[in-house]
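> Chains as they are written, first to last, in numbering that gives the first Met the number 0: chain H, 0 to 99; chain R, 0 to 171.
Keep in mind the hints are simulated off the structure, nothing from the lab.
Treat the numbers as computed from the prediction; the structure is a model and nothing was measured.
Watch out, some of these pointers could steer you wrong.
Straight-line C-alpha distance at most 25 Å; calculated SDA-like pairs for lysine to any residue [claimed, not checked]:
| hint | chain 1 | residue 1 | chain 2 | residue 2 |
| --- | --- | --- | --- | --- |
| 1 | R | Lys160 | H | Ala45 |
| 2 | R | Lys120 | H | Ala70 |
| 3 | R | Lys160 | H | Ala70 |
| 4 | R | Lys120 | R | Ser4 |
In silico negatives: residues of chain H with every beta carbon more than 10 Å from chain R [unchecked claim]:
| hint | residue |
| --- | --- |
| 5 | Tyr95 |
| 6 | Asn96 |
| 7 | Leu98 |
Ideal placement from N, C-alpha and C gives every residue a C-beta, glycine not left out.
This is what each chain is made of:
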Amino acid sequence: MIVPFSHVLMLAGILFLLGMFCAVARRNLIMIVLGVEIMLNAASIAFVGASVRWQSLEGQSFVLFILAVAATEVSVGLAIIVYAFRRTGSFDPGAYNILR
Amino acid sequence: MTLYSFIFYVVAAVIVASTAVAITRRNLVHAVIYLIFSFFGTAMLFYLLGAPLLAVLEVIIYAGAIMVLFLFILMMIRTESHQELMFPLSQWLPAALFGLIYVGVGFLTVATTPGTEITLKMVLATPREFALYVFQRQWFSVEIVSLLLLVALMGALHLGKGEKKNNGEDEV
Numbered sequence: 000m001i002v003p004f005s006h007v008l009m010l011a012g013i014l015f016l017l018g019m020f021c022a023v024a025r026r027n028l029i030m031i032v033l034g035v036e037i038m039l040n041a042a043s044i045a046f047v048g049a050s051v052r053w054q055s056l057e058g059q060s061f062v063l064f065i066l067a068v069a070a071t072e073v074s075v076g077l078a079i080i081v082y083a084f085r086r087t088g089s090f091d092p093g094a095y096n097i098l099r
Numbered sequence: 000m001t002l003y004s005f006i007f008y009v010v011a012a013v014i015v016a017s018t019a020v021a022i023t024r025r026n027l028v029h030a031v032i033y034l035i036f037s038f039f040g041t042a043m044l045f046y047l048l049g050a051p052l053l054a055v056l057e058v059i060i061y062a063g064a065i066m067v068l069f070l071f072i073l074m075m076i077r078t079e080s081h082q083e084l085m086f087p088l089s090q091w092l093p094a095a096l097f098g099l100i101y102v103g104v105g106f107l108t109v110a111t112t113p114g115t116e117i118t119l120k121m122v123l124a125t126p127r128e129f130a131l132y133v134f135q136r137q138w139f140s141v142e143i144v145s146l147l148l149l150v151a152l153m154g155a156l157h158l159g160k161g162e163k164k165n166n167g168e169d170e171v
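Isolated chain R (complex conformation) (with noise of 0.2 Å):
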C-alpha cells in the first residue's frame, strides 16, 4: 500500500462520512456546512487523480459558489420555525432495503467485470492541456453550456421580477 492508495482510502473515508452526517441532521445550515467539507475532500481526490484545474473549480464553484448560494436563501428564509416531517419508518425501510440490495449487486458487477481491478497510474493533465483539449475538441459543448448559463440566468431573473409584480399589485 503506497502512500498515494493511503491518502485515497483517508480522503473517501472522510468524504463518505461527512456527507452521510450531512443527509441527516435537521438543521440544514449544518447540513451544508458538512456537505463543504464533503466538497473539500472531491477535490483534494480530483487532485489525486491527475486534475489539478478540476480540483481548484470545483473549490471555487462547488464549495464556494454554490453551497454559499444554498447559504444565503437559508438565511433569507427563517426555516428553524418550520418543522420537517419525515417519513414514518415503515414508508422507508423498504424503500432502504431495495437500494441495499441494489448496492450489494452494483458491488458484484463492479467486481467481476474484466479490467476494474486494473491498477490507475499516477498521471497530470496540466491545465494547459486540458485548456487546449477543450477547446479544441469540445468548443461546440463550450458554446451549448455558455447557452444554457444564459437561459439559467433569464430563468433566474424572470422568477424573482414576477414575484415583486405580485407582491406590489393584487393577485391576478
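Bound-form chain H, shown alone (with noise of 0.2 Å):
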C-alpha cells in the first residue's frame, strides 16, 4: 500500500504549475524551454500513477515516448536558442523584434 492516487494526481498538479510558472513569468529562452521540461516531467509521473492505479502497462509506455519527446524538444529548441542568441545577441523574447 502506498498512497491514495489523489496524491499523485495533485504532486503532478503542484509541477506542472511550477513549470507553467516558469514558462510564463520567466524571460529568458533557457528558463522557459526548462519549464517545458517541468511540465513534461509532471505529465510523466501522472501518467505513472495511473499505470499503477488501473494496473496497465500503456501508463508506462506513454512515459517512454513523453523521454522522447523531450528530448527532441529540447535538442531542436535548444539548437534554435543557440541560433538566435548569435542573431540577435541576447536570450530576452522581447529583443527578438529585427524584423521590425
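With the hints as a guide, bring both chains together as one complex.
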C-alpha cells in the first residue's frame, strides 16, 4: 500500500503549475525551455501513477514516448536558441524584433 | 502510515521544493543543478511506483543527457553579462492569482472524483515485461518516435550548419 491516487495527481498538478509559472513569468529563453521540461516531467508522473491505479502498462509506455519527445524538443529548441542568440545577442524574447 | 507512504511524501516534498528553488534562481547554472535534484527525486518516485526501467531511463536521459545539454549551452554562451529583466509585479500577480484559483479548483475536483481515493497497491513491472509490452503492442509508436528523433537530428544539424555558412560569407 502506498498512497491514495489523488495525492499522486496533486503532486503532478503542483509540478505542472511550477513549470507553467517558469515558462510564463521568466524572460529568458533557456528558462522557458526548462519550464516546458518540468511540465513534461509532471505529466509523466501522472502517467506512472495512473499505470499503477489501473494495473496497466500503457501509462508506462506513454512515459517512454514522453522521454523521446522531451529529448527531441530540447535538442531542436536549444539549437534554435543558440541560432537566435548569435543573430541578436540576447536571450530576452522581447529583443527579437529585428523584423520591425 | 506505512514506510512506503512515508518515502513517497518525503520524496514528493523534495521534488516540489527543489523545483520551486530552481525556477526562481537568477543564475541559470544553479537552476539546472537544482532541476537535476528534482529529476533524481522523480526517478525514485518511479521506482516506488513499480517502474524500475523508467527510473533508470529518467536518470540517464533527463538528469544525464538533457541537463548536460543545458549545461553545455550555458557554458558555450556567456550568460552572466546579460541581466534578465523580470516582469513587474503588477503584471504577473493576477496571473499567479488565477493559477492558484485553478490549483484550488483542481484539488477539489481530484478529491471529489470517485475512484481517486483508492490506495495504490505495490506493483512491479519488470523490464522484461515492459519491453515485451512495448514491442508487441506499441511497435508502431516506437517506429514513429524513431522517425521523430531522425527529424530532430536533421533539424539540429541544419540549424548548426546554416549558422556557420552565414559566418563565413556575408549576410545574404
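> The structure should be examined with respect to each hint, and the outcome stated for every one.
Going through the hints against the structure:
no.	hint	verdict
1	Lys160/R to Ala45/H	violated, 39 Å
2	Lys120/R to Ala70/H	violated, 31 Å
3	Lys160/R to Ala70/H	holds, 20 Å
4	Lys120/R to Ser4/R	holds, 11 Å
5	Tyr95	holds, 14 Å
6	Asn96	holds, 14 Å
7	Leu98	holds, 15 Å
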